[in-house]
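Colleague: Single-letter residue listing:
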Amino acid sequence: MGTGRKRRLHFSKIYSFKCGRNRFDDDHSQIGGPGFSRVVYCNETGVAEAASQSYADNYVRSTKYTPMTFLPKSLFEQFRRVANFYFLVTGILSFTKLAPYSAVSAILPLIVVIGATMVKEGIEDWQRQKQDYEVNNRKVKVHRGGGVFESREWKNLRVGDVVKVVKDEFFPADLLILSSSYEDAVCYVETMNLDGETNLKLKQSLEATSTIHDDSDFNHFKATVKCEDPNASLYTFVGTMEYQEQQYALSPQQLLLRDSKLRNTDYIYGAVIFTGHDTKVIQNSTEAPSKRSGIERRTDRIIYFLFFILFLMAFLGSVYFGVVTKRDLDGDRQRRWYLGPDRSDIFFDPKRAPAAAVYHFLTALLLYGYLIPISLYVSIEIVKVLQTIFINNDIHMYYEEADKPAHARTSNLTEELGQIDTILSDKTGTLTCNSMEFIKCSVAGTAYGRGVTEVERAMAKRTGSPLIVNGRDQLLDDHNDEDSTLSVKGYNFEDERVTNGYWFHEPHSDVIQKFFRLLAICHTAIPDLDEETGKVTYEAESPDEAAFVIAARELGFEFYKRTQTTVSFMELDPVSKKRVERTYELLNVLEFNSARKRMSVIVRDEDGKLLLLCKGADSVMFDRLAKNGREFEESTKEHVNEYADAGLRTLILAYRELNEEEYKEFNEKFTEAKNSVSADRDELIDQATEEIEKDLILLGATAVEDKLQKGVPECIDKLAQAGIKIWVLTGDKMETAINIGFACSLLRQGMKQIIITLESPEIIAAEKDGDKNVISKVSKESVKKQILAGKAQLTASTSDPFALIIDGKSLAYALHDDIKSTFLELAVGCASVICCRSSPKQKALVTRLVKEGTGKTTLAIGDGANDVGMLQEADIGVGISGVEGMQAVMSSDIAIAQFRFLERLLLVHGHWCYRRISSMICYFFYKNIVFGTTVFLYEAYASFSGQPAYNDWYLSLYNVFFTSLPAIALGVFDQDVSARFCLKFPLLYQEGVQNTLFRWRRIFGWMLNGLVSGVIIFFLCTRALDPESYRKNGKTAGMEVVGATIYTCVVWVANCQMALAVSYFTLIQHVFIWGGIILWYLFLLAYGAMPTSISTTAYNVFVETLAPAPSYWVVTLFVVIAALVPYFCYKAVQMRFFPAYHGMIQWIRYEGNTDDPEYVNMVRQRSIRTTTVGYTARSIARDNNLYHLNLELQAPK
Amino acid sequence: MNCTLKRDADMNEVTNGASKSKRISKKPQYSRFTQQELPAWKPILTPGWVITSFLAIAFLFIPIGLVSLFASERVVEIVYRYDQDCVPEMYRGNVTAYIQNSLTNKTCIENITVPKRMDPPIFVYYQLDNFYQNHRRYVKSRSDKQLRSAAYEFSTKECEPEARLNKSRVSVPIVPCGLIAWSLFNDTYNLIMKDKVLDINKKGIAWKSDTKVKFGSNVYPKNFQSNDLIGGGKLNESIPLSEQEDLIVWMRTAALPTFRKLYGKINTSLEAHDTITVVLENNYNTYSFGGQKKLVLSTTSWIGGKNDFLGIAYLTVGGICLFMALNFILLYVFKPRPLGDPSYLSWNRKAVN
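One line per chain: the protein sequences are A and B, in this order. So in our numbering the end of the first sequence lands on 1197, straight run, no missing numbers. So in our numbering the end of the second sequence lands on 353, straight run, no missing numbers.
For reference, chain B alone in the conformation it holds in the complex (with noise of 0.2 Å):
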């Protein structure tokens, strides 16, 4: 780019007479940076380097992996699933009739027994399967100004088409708006054990954040499924949305089509072969979609609920490295590298050919 400045000025000393003005010199600066040479460090994977690397994964991985797993295996966790079970005999042909229909009686009464001493808090989840919360057009169903504050009651414009009612040839707008809320998980369970209610705590069970900022504690639902069409649960109009931990636990969009949402926590152990009585009312409509429905009562430990994939997946990682770790130890040892053999190269391959 300077360059042709530069010749410019070359010419300009010339016409000035070059034995009178000293030249600047182009000579380039001299620097380790344009010179390309500044220090540095040039790895190259040697036998030593590759085997320490292979050996220190694995010697990282394994115990992760046994940590990981022991922690797995402390939990326990009970999943009954009972979309099945809990359509009565005559429905059976017909579930979606039976649970569109809202005058049937939908409650379901099961026994689940617990395999292990389980200690507080004891989560209780309902999954749902083959449901796609992510689908775009249920995610973008929602208006977060309008949960946010009672200001934006009336932004319900992505909300479509849960979004307005139209009350006496006004429109009014649905708090909260949107498929996601009007779609609201409406199963409840009540476990009775030893003819004792266990008192499911659902206070927290939803993010900070969620309570605190995205829901606001001035928005009230109003008008809420009061559509022809119920999608599903329904709100308190009395409680303000950042207190309705269902809804906003159901908010937050899952990231795939199985998925396991908070209910609530239950604050006392269980000890092992109690057995629990579920009194539960079997709303929601899974069925036209085939989805399944599972309750699950689950204790956590620092590594979460019950997984064993990331405790196995950390061995297998673990022992293929130390596998492979051996592997190249005796590749070295019995098959040293043919050094600078040239004929390697795959054009003096052809050459030879």
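Next comes chain A alone, as it looks inside the complex (with noise of 0.2 Å):
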């Protein structure tokens, strides 16, 4: 606690902007009234009126269910679907007269199911329990009174308690904050759980309450607060604070947010205002939206084209029940008088026979459910959930640095992942690592820093030209990073000429001093000095600014220590060689924002000077230049465009000497300007920066590079070779950009690019008028002209692979609904398509065009918070777990640590997931269809009354446990190649994306099949055992046997016909299966045993008649592999002669091919065309070129 007040600080200068001196305004008038109407008395919650308060306790649940409501609200999730809701009706109608079977085998599927169902969800609710069971009961400590504080449970807070928060503890509810261990009560706080921010924010207290220091002062404190009805805002509020009978006002600087945490401080009071449910984050959560597949939605249809099927059976039967019936009673003649058609009820009653038809369409909706899989839905949950088990344990995906594994958030996509037609993806901190390193600088006009980028290496690769700056060496090795000396994180520069102080004899030595300067003083950086080791770290709010400080300091300005007013730097002096001590004192900062571009800082120095230091982004940059300031201008923009060709990101450094009325006039404005509470606040902010930043004297240039993570070009190449379309989607300039597209092979020479910008003449002339209206009309004509000429260049040439590129003025445009279809289409013919200088807004635009314009599936991957919206609205969302917080993997649906894994996360996990749950699904339809044929084929021997030959327990055990097993390890377990293989032969990806394994014909084919199957079994059957004896003591076979036999031939036909689909067989998959029909005998025992009131027609069937009966086995043996014969010969011509992709990847295998180069380079290769991106493709494309060079050289001879 001690060491904390050494730093006690008053930051307020600093952060200028956000800590205005608070004033009432209107917002506080309002206190009292509707919305406002809290009341809070502070350190008084054994006071009767404070007791009367009924606020929320502090008890957070982020479960989805109570005990209580456990039941009745899981069953009403269940029964919304149309099949289970089905099932229900079917289920309370089969205990009325109507059901053909009895009710309790009818419920107990669905018993089965939901149960499962609800078993999982309670699971997952139990799980989130147990989390809030954790975080219910932290502890914290509260003042109990007498200026004594103890220990208490989090879940036990009440509004009004004062707490103790300490260092690097979360703050337990929304507290206000009364005190700090700073003496000016400001306290740091860090959002990450809110807002996936990784910068310390500053809140500070009221000046009045600022001065308690000890828990004994809290013995006699009492205030009251006021303040707004709980809400979601994060970054309102408002309230005011009686205390010592003076009213203050409140604003969200005095307001710490529960899930935040305390960062840097040694602890602060607070007094607690919202507790639980009423706390601002827990108001703000609300449930991502909720995605299904599109497979999902498949199965959907087909369900209910099986319900359409199901109704017509039903109403054919009925119809012909109906004729049938009437039939039987004639006057007084009775046809079939067995039945007792004149003593019949209503049901079978021949007088009124359309009723009884009614009612039998009722039965047989119920016989006929069967057709609908019941289990289906459960099934693909647990087949889903188990594969995200697989997909996160998959240790291929592990990012061992960051200690990442992956993480499917959510379980319902995985198939999804098999079926990517297009990826936008992200650039900064998704194709690159997003840690940026300081490696070249342009001062003077001359430019310093030998470093060469990963961008330079690529395009001297793709030249073929050796590096004119460091050798060949460079070239080769690529690694050479971690051998180098340099090893500081972000920081990649070598230059002798300025390292180790030698700048001072470089030509512009004063310049460069001030470039130095500027980058040591000019940032809002907290230092960290170990008192230890002398090293200084920093705190940075943007991986740059850490970068510029690092380079300041390792080239002898080092940063290291800030105060309230100032900032303190060593410097080695070049003549004396010695480190001398500056501090420059801080008299404004004007921050960084998106639409300023520039951030610079007001300081004194130690001279008496003011100055003005400023950095920022070059489009604003070189029009703020005084005249006297562009004595450098030309040569360094000619850095600044070779530096973003390297694909470096740029800022513009440039200062400027103020005078001492300058300033003042300049702080009065400012002043006023911030600590107005109006709306126009930050307009008049923006204003009163505006006039000072300008008639700048330009220093220099910076170069940063933020490297391309590891193995994406790879990962890229591979990605295209599937066939998979990427775009980039980047705030980056268009030559940033490019060069990274350069750099990741999404790029290559001989591409066409179709450039889409405004930057044309006669655009910047219209802009120049200023007229709005006119700017937008000529922008939109100019961006349409663009957009057609490049259609018709695409049009032109088909063979040559194109490149869009369009920047965010004109990506604008062209999402106008007139043109962006025309967009959209120019844009699917091309290669690779970069958006350069795109808003986040735009992000998500272009994600919902290319999704619901092309109808394919589409996946967003991204790191930040801006691609936040990409995320959510893209088919599938990839969150990339890195530096930029946790708002994007939040948001996303499948989180991995590289981008690099997305390679593996859809060439094999996407693969097999579309794989498994496609093949498992149409194997559900299959079974379930065979099944419902041999029950429908029965009725119509049966006249359609309704009865089944079968068992009831048989008719219900079916779903559930004779098919249901095999079915589910085929959904888990199966490959139809293996890992290695689908990332050897990525073209297999396009089973997925041409949806080749769910498309109607394949769904109608096991339909079919299943058809076949069904009646094979019911005639062969059938024929095969009525009616003379089946056994030599002559008796005949009745309903029961008949039954059990067809049944038998069922489950046989279900599980074997999963065998030959089955490609990968495991000990599982032979345990599922032979242990589904070894399970069927095991039940005829064990249910023919049961007293006959239990098991009725099944008594004893197996071991009296069945078994000893050789015509049973003999039938059995037969129907079995006739029904199965049908599906083995197209089988068999299928996989030789028209084998599918994986069909001949598994040939291959099969054959030994796979190590023969040659060989397996064809079946690849052909499939790569020539508008494909990737490295592969380029190098094709360059020895495509070399031929067609011979070719011409040697036409002419």
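The reader is advised that the hints may include incorrect statements.
Said to hold, decoys possible - Below, computed lysine to aspartate or glutamate pairings styled on EDC-like, alpha-carbon distance capped at 20 Å:
{"id": "1", "chain 1": "B", "residue 1": "Lys26", "chain 2": "A", "residue 2": "Asp349"}
{"id": "2", "chain 1": "B", "residue 1": "Lys27", "chain 2": "A", "residue 2": "Glu401"}
{"id": "3", "chain 1": "A", "residue 1": "Lys351", "chain 2": "B", "residue 2": "Glu160"}
{"id": "4", "chain 1": "B", "residue 1": "Lys157", "chain 2": "A", "residue 2": "Glu1151"}
{"id": "5", "chain 1": "B", "residue 1": "Lys335", "chain 2": "A", "residue 2": "Glu401"}
{"id": "6", "chain 1": "B", "residue 1": "Lys140", "chain 2": "A", "residue 2": "Asp349"}
{"id": "7", "chain 1": "A", "residue 1": "Lys535", "chain 2": "A", "residue 2": "Asp510"}
To be verified - Chain A stretches covered by chain B per the calculated footprint, using a threshold of three residues with CB under 8 Å from any CB of chain B:
{"id": "8", "segment": "918 to 929"}
{"id": "9", "segment": "958 to 964"}
{"id": "10", "segment": "1036 to 1046"}
{"id": "11", "segment": "1106 to 1114"}
Worth flagging that the hints you see were computed from the coordinates, not collected in a lab. Glycine included, C-beta positions come from ideal geometry on N, C-alpha and C.
Hints are included, so try docking the two chains, each in its own frame, into the full complex.
Modeller: If you want it as structure tokens, here you go:
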């Protein structure tokens, strides 16, 4: 605690925009009115008046259900599904006389299925409950009274309690900060859990309470807070505090939000304002939009189709039944007298045949319900959960350095991973590491820095020319960074002219000095001095900023201390070779924001000179230079362009000297602006800063490299080979984006680039005029023209690969309703698409355009908060759990640590999941149709009276018992091709994109197969057994024998069909498939051994009648094989003569050709079309070019 | 599911200072199961497999087919349809009136010839046609409880409309109740050969589980067929149900509308060309619904009665498989697969076009 006091600083001036003094404004007048009725009596928990307040307690529940609501709520959820609702209705109907089977047997499978889903829900909820328990039972120090603090669980906190939170603890509720370990009562807060931002935020208490520093002071502390009611807005708070008979206004500045963390501050005291579900973070939590996969939607449609078939069958049966029933009684003449038609109840009454037919319709609906796979949905859910477990546990998608495995956050989209048509990728942090390295700079018109960027390396590789800068070695050795002596993170600057103080001997050494000083001063980083080693580390808002301070430090301008009003740094005096301490007085910080694209500080140096130091983007900075400050403009611009070419992020550095009056005038205006609380406050501030940030003198430019992540080009190459289109959506400059495109093989030489931009002269001319309408009209026309021209180019040549590059401004117009379809057509025709300078909203819009325009599955991948919209819009959002916080991950469906894992995620897991799910669903339909067909055909032979040949329990256990497990095993374990081959033959992925495994043809093929099998089974069985005796003892087969035999055949066929369809037999498959069959016999034995009142027609049926009859076994053998032969023939022909791509790979593996590179290449490369991207395509394109060149050379001779 | 927990744990660790406590690595544990690398058999339908399986099926099926056909051939079966012949000429116009009139003489005498020597046991069946014993109303119309035990005499709920009888204003249960029992088949056959009555043994024609368990030895027929409407046969009220094997056989409902039921057994052998005189009582009404009635005498083999279907079917499928095997051999020899040609793939075909 003691150490904290050393650094008691007043930072309020640094965070100039944030810490305005609070005033009463309009909002505060609403207090006490509607929406602002909360009254909190701080530190008076014992007082009666306070106790009467019935605010929520601090118990937070994230569970979906409570023990009370679990049953009704989860049941309701279950029965919202059409199929489940249908089974519920049939379940209820089965209690009536309509039912062709006993109610228990009908209800049991439903209970099993619903129960399984509910157990799953319950387990998930229980996990949440455990987590809740942990959170709610965390301890915090609470004022008990008499100045004594005691530990109390979070859940027992009450509104008005005074708590003490120490360093690195989470806030238990929304607190009003009263004081902190710092004298000016500020504290640092990390809000990662709220908004994903990793930088620290500053909060400060009211001055009135800032003097409280001791536990005992709270003995007599009393205050009343009146404030707004709980709401979800994280950044607003309106309230007043009455303390020592004075009113103070409260702002968000005093509110510490639950789930954020106290950092760099030893302790704070705070009063609890909102508890539990009233806290802003909990109010803010909303359910992410739920996504459903295309396969599931199609499955729904098939279910509806089956329902249609079901109703049709029931209808036809009822009509027939009605007719036949009516004929039974003709006046006094009874036809089928043994049915007693003259004395019949309503269900069979010939006199009321239409009514009987209607009732029969209901009965038939119950009976044919076996067409609908009751356990399909629950099986899909189980399978998907297991699939996500496989994804989470994949060792190849585990990122060692960050200790992060892949994490599938939703389990309902796994098969969609196998159908991605287009990937929309963010650049920074996704393709690149987002760890910035200071690599080059241009000072006073001279370029420094000999580092070679990866883009340069890639470009050198591309052109085949050796790098001139550092010789050839660097080109060959890609990993020289690791061996390099310069192992400082964020710094990769090499230039002996500048390092070690040699800059002093350079021509413009004064400019260089100013340049590095600016880097050391103009920032908002906070130094952290390790007192033992003397090393300084920095905490900065962005990696760029950190890179600058680190670079300054490494070059001898070591920023080490920041106080309330000063910035101190050590400087190596080039003359005396000594380290000199310099302290600049910090007057103002003009912060960075995306509109300004620059930041400045105003300081007074040791000589009392006033300086404005400014750094910013080239687009805004060059306009702000003074006439006499443009000395190095040309060469700097040139360098900046070069840097951009090399894929670097550039900033322009400039400064300006101010005179006292100028500053005074500015300061007044600025202070006024930032103290104003009106809506146009930001505008006022911008105006004030605009006026001072001009007439700058150019110093130079910095270049920071954002390195490509490991394996990105290879991954993109694989994805491109798989036929996946990759779009890059980035906020970067066009040049940078293009270069990254080259570096990661999205672009290559010889590709025709279609560039759509609004940087053309006429647009600029129109912009000068300034009429907004004219600008937008002209711009739109221009964009349209460019798009059409691009399309014309595209249609003119079909063999050339095209790349489309479009900037944000043009994109805004291209996304207009009238041209967006044309734009999409153009974009789809191009091999790669890069959208630069695009805003988060544009990213989401582009994603939606692709998703809806092409109707294909899209995947968005990104790491930052700016990608959230895109991730939520896409069919699948993949978040990179990188450095930019958790926000992207929180809104993603699947989180991975590195872009390169996408390869495995899609090509291996995606393909498998897609294949498994689609095969499993097809199989489900197959087995139910086989069964349903036999039921229906038997009906036809029972004059559609609604009598099944099967015992009730055979009927009900078919789906859940004898056939489900193999299907689930298929869905979980099947592999057409091993992971190695999935990656080796990426084109395999197209099976999912083209949806070959789940198109209507295949689904109906399976259904037809089911129908054929069912018909074969039914007719062969009945013909073979009836009407002669089927045993040596002369007894004939009754209904129970025929039913059990047919059923045996159905179980055998369904399971053996599975065995034929599976291409990956593990022990589990064997157990489930053969186990399913054995289970049936065991069931028959066990069920038959039960008393007749339970087993009814199945009593002893196996032991006494079936097993001793050779014909039973002969018929089973025959029927099973006969029913499978058609499929077997089909598969044999298809596998040999028309193999699908996975079939070819299986052949390759089988024939042992996998190690024959030429052969493998043949299979693989035929698939690569000229329009593909990736370096494989690139090398092929190069070979082709050489080939063509040779041809051309030969031609003249 | 656990991952949220893990994240939380992670936060705690950061709280405690990451450097101090050694972090538990979140690296997934390697196991062949989680990495989906379980040892597996990956069959593909190679020519060898395909041909072998077809040949195997063929070589399995053809002998089985031959054996069953042979067995079926050895069975001697006499089927004699009598439902039309046994109606006197004068009633041919109105058969229903004839059959429903209890006063008409229903006796009918016909001769049948034994085609081949028949070794005992010779089974006597009746075969009905177009009779829907599997109609739901019919199947359900019985009370298993009542059949099983005298204690449940009154549980006749499922038996409507043949459940109770109003006997002097008291509702008494019918035992056995229900439509099945009520419509009991009641034609009788007497076989006479060379002026000697062939003894038809009616014991042991029912399943053991029926006589021992499902039909009680203490349940006696009561009030059976004493309604105005008389369905089929009557029962001797002094014999318990468990010994009324005709009833028991009848009550095992048939699966299909054409069915045979065991009538009895003959334990003497019949020589070829023997003439048997059948004296039958044509009581049962199948005329109103147009059903046929047949008398069947048949021997059995291991496969059961005379049924060529199974043998022929086996031979057919075996033959088809043999044919397929030959075809595949020819295909594989003369038309080798264009290996690894992706232009066969649907999407490439599209692209080419």
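Colleague: Check each numbered hint against the structure and report the violated ones by number, ascending.
Modeller: 1, 4, 5, 7, 8, 9
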